[in-house]
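> Now for the letters of each chain:
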Amino acid sequence: MGKQLNVALIGNPNTGKTSVFNALTGLNQKVGNYPGVTVDKKQGVCKLSRGVKANVLDLPGTYSLNASSLDENVVIELLLNKNDKDYPDVALIVSDVETLKRNLLLFTQIKDLKIPTILVINMSDLMQRKGIELDIKFLETKLHTKIALVSTRKNTGIEELKQLIEGFKTISIETCLDTTLIDKDYFQSLQKAFPNQDIYKLWLVITQDANFGKITRQELDISRFKTKSNQELKRLQQKEAIKRYQFINNILKDGQTIDRSKATGLRSKLDRILIHKVWGYVIFFLVLLTIFQAIYDWATLPMDLIDTNFASLAEWVKNSFPGGGKVTDLVAEGVISGIGGIVIFIPQIAFLFLFISILEESGYMSRVVFLMDRVMRRYGLSGKSLVPLISGTACAIPAVMATRNIENWKERLITILVVPFTTCSARLPVYLIIIALVIPEGSIIGLSYQALTLMALYLLGFGMAIFSAYVLDRVLKTKHKTFFVVEMPNYKLPLLKNVIITVIEKTKTFVIEAGKIILAISVILWVMASYGPGDKFYNAESYVKHASVNQSTNEYNDQIAAFKLEHSYIGIVGKTIEPLIKPLGYDWKVGIGLVASFAAREVFVGTLATIYSVGSAGEGENIETIKTKMANETYADGTKVFTLASGISLLLFYAFAMQCMSTLAIVRRETKTWKWPILQLLGMTAIAYVCALIAFQILK
Amino acid sequence: MRFTIADLKKGEKGIITDSSSEDIPLKLLEMGCLPGNEVHLLQLAPFSDPMYLNVNDSFLAIRKETAGLIIIEKVNG
Chain W
1 MGKQLNVALI
11 GNPNTGKTSV
21 FNALTGLNQK
31 VGNYPGVTVD
41 KKQGVCKLSR
51 GVKANVLDLP
61 GTYSLNASSL
71 DENVVIELLL
81 NKNDKDYPDV
91 ALIVSDVETL
101 KRNLLLFTQI
111 KDLKIPTILV
121 INMSDLMQRK
131 GIELDIKFLE
141 TKLHTKIALV
151 STRKNTGIEE
161 LKQLIEGFKT
171 ISIETCLDTT
181 LIDKDYFQSL
191 QKAFPNQDIY
201 KLWLVITQDA
211 NFGKITRQEL
221 DISRFKTKSN
231 QELKRLQQKE
241 AIKRYQFINN
251 ILKDGQTIDR
261 SKATGLRSKL
271 DRILIHKVWG
281 YVIFFLVLLT
291 IFQAIYDWAT
301 LPMDLIDTNF
311 ASLAEWVKNS
321 FPGGGKVTDL
331 VAEGVISGIG
341 GIVIFIPQIA
351 FLFLFISILE
361 ESGYMSRVVF
371 LMDRVMRRYG
381 LSGKSLVPLI
391 SGTACAIPAV
401 MATRNIENWK
411 ERLITILVVP
421 FTTCSARLPV
431 YLIIIALVIP
441 EGSIIGLSYQ
451 ALTLMALYLL
461 GFGMAIFSAY
471 VLDRVLKTKH
481 KTFFVVEMPN
491 YKLPLLKNVI
501 ITVIEKTKTF
511 VIEAGKIILA
521 ISVILWVMAS
531 YGPGDKFYNA
541 ESYVKHASVN
551 QSTNEYNDQI
561 AAFKLEHSYI
571 GIVGKTIEPL
581 IKPLGYDWKV
591 GIGLVASFAA
601 REVFVGTLAT
611 IYSVGSAGEG
621 ENIETIKTKM
631 ANETYADGTK
641 VFTLASGISL
651 LLFYAFAMQC
661 MSTLAIVRRE
671 TKTWKWPILQ
681 LLGMTAIAYV
691 CALIAFQILK
Chain U
1001 MRFTIADLKK
1011 GEKGIITDSS
1021 SEDIPLKLLE
1031 MGCLPGNEVH
1041 LLQLAPFSDP
1051 MYLNVNDSFL
1061 AIRKETAGLI
1071 IIEKVNG
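Sequences listed follow chains W and U, in order.
FYI, in our numbering the residues of the first sequence are 1 to 700.
FYI, in our numbering the residues of the second sequence are 1001 to 1077.
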């Protein structure tokens, strides 16, 4: 085993950096976290010759070393800290053929940190078509580097790149720019004060300090060098950019020829339609419709399959190990259905990310941002918030994960916080049964009241999401100035390999990260429903009398189950919260349904089925049975439990309350703290409570 | 009269003369919005905001308020 060498992949977004990463590491990659920030750390292993392995780190995309987001800050913190275990032995700057000039800005900055650097020019297969010629030898000499021409699409140049990586020791570490040229006096005095430090590194530490308050791993005391105001520093940074472009333009003048007549045909043709003031929106609407259809409809087939298989697996375990007693029950009803509750989301998540990664890879997503930014901005959201909000109508979990594409942290956080208001598919069964119960039949201008109510609930969810975004935008304070600069990348055909890797990676993240929490809570809920504190729970049979001799065993068993549930821990919880939910018009039985709904909303119907002792019910034909039982349910004084008032109140509660531990788990995972999911839980549930309370008190 | 990128109409070009305003994000400068570079306004979203530009071989969309900070000289034709 040779020494592992560290390789860092650095580059602008949209240059195919991730494609190069995938080409080097294949599926040998893992996603971790940088401590303390919401940035994914993608690492992989690349096998070089003679058993040498390279540890490849795919750093977040950045346009320069002057960080303006936490993602970019990760890059600079690593490059400034020679003691970091990931500090690169060699850096690969990935550029695409068409944006070479801009990518060289970042390249010269990395070079000036005296890190051995290889320039990787991706999409080299397009050079001819785009009318670009490069004098590689000339560029290598002038930039003091080695250049690898690769095409991840055609899979060429990767072996040559690996050889260059292996020979990293031969790469020059000569700098590109004399940093002192930016401001002679200032930099000379700086160098005098720290004679042993790289001048460019000092400069970065000083400017990052200005941008970010303080950088965490401060090894230099530069405090006495704060002789310039932030305004002056920014002016110097601008001067730096100008100097760097002078250097780059000088080299490209001789090293690159571009025949511009060949350049932008496809882009302008597609842009003319895709961001057209009318057609652009029509096309976007159709794209959304397709995505919606996929997660709502196409995903149901595999989901039903998963559902049935897990149900039969649980049944099989129960029947095969009857001697196991409680252990068998725990495995069958707690663990297996818990895992089933996680796995069932996989089709929706996979479909959503299939579409999102295609939209991202093709360059279309930036056009959507362009089209929607103006509208969404008014509510503190970004053009990119729209896709998560729409996917939220299927399920909030993939929607929250989809907010990853929003660079601006505040806009992303607001999107995450409001997404669960949109009407997800789990609310649907609850809505359907309650609407059927309390909304009268009949119609107005051909539209049935029941259908109108359902539509109103969808609009209400979306409206609440937008409204809370508006409020949050005014309440939340962020440390960083927000600004909007979106690159409009070239259109390209998505690479199948990248799409598949994204889908697998996102799905895996969900199953592992959210899965453990969901599983734990499922088991807790199962325990609460399966155990009770007293004799009434354990000897239910001696308390429940046969109603009549003719009563079937099934009916009797259902009664027992209902009695047991009433005296289980979860039943006791239901009774305890009764005073709290009484003003909303619910009794303790609905209370149990509400508590159980925190596992997942769709549990409500099943739980009510158990409480109203239709035990074996739940599927299609028995919905009528539950409905009838619910309709006949009365309080002790004979008044009905489910009236228009309590029904509307319940609908509003389900519309607004945060009753989905899976969503909370994924929000925790995406925001890296419990603060936001807890805020969501309390805030949304409070809104739900107040709205339901007002509705019931007015209508009753 | 002083022109900025926000004054450009679809298809028009200009040369940047000054981009030193405090409020222009550094990122925009680094992507090439620097004095001497040509800006080509490619397209506008409804209400002329955001604006879609080509500058320094980069294709960018920026909000109108930012565009209004970058001073240019109009290029005829």
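Be a bit skeptical, because a hint or two may be false.
Beta-carbon label-pair distances, calculated as ranges [said to hold, decoys possible]:
| # | chain 1 | residue 1 | chain 2 | residue 2 | range |
| --- | --- | --- | --- | --- | --- |
| 1 | U | D1023 | W | K575 | 51 to 61 Å |
| 2 | U | E1065 | W | L266 | 41 to 51 Å |
| 3 | U | D1007 | W | L27 | 25 to 35 Å |
| 4 | W | L679 | U | D1023 | 44 to 54 Å |
| 5 | U | K1074 | W | P302 | 53 to 63 Å |
| 6 | U | D1007 | W | R474 | 30 to 40 Å |
| 7 | W | K253 | U | D1007 | 49 to 59 Å |
| 8 | U | D1007 | W | S448 | 22 to 32 Å |
Bear in mind the hints are in silico, worked out from the structure with no lab data behind them.
Beta carbons are placed, not taken as given, at the ideal position from N, Cα and C, and that holds for glycine.
> Does each hint hold? Answer for all of them.
To see whether the hints hold, each was checked on the structure:
Remark: the range hint 51 to 61 Å for D1023 (chain U) to K575 (chain W) is upheld by a beta-carbon distance near 60 Å. As the Cβ distance of E1065 (chain U) to L266 (chain W) is approximately 31 Å, the hint placing it in 41 to 51 Å is violated. Roughly 52 Å separates the CB atoms of D1007 (chain U) and L27 (chain W), a value that falls outside the hinted 25 to 35 Å. For L679 (chain W) and D1023 (chain U), the hinted distance range of 44 to 54 Å is not satisfied, since their beta carbons lie about 32 Å from each other.
Our hint of 53 to 63 Å for K1074 (chain U) and P302 (chain W) holds, since their Cβ atoms are close to 58 Å apart. With their beta carbons about 31 Å apart, D1007 (chain U) and R474 (chain W) fall inside the hinted range of 30 to 40 Å. K253 (chain W) and D1007 (chain U) have their C-beta atoms about 31 Å apart, which leaves the hinted 49 to 59 Å range violated. Hint check: D1007 (chain U) to S448 (chain W), Cβ distance near 54 Å, so the stated range 22 to 32 Å is violated.
Violation of the numbered hints given earlier is confined to hints 2, 3, 4, 7 and 8; the remaining hints are satisfied by the structure.
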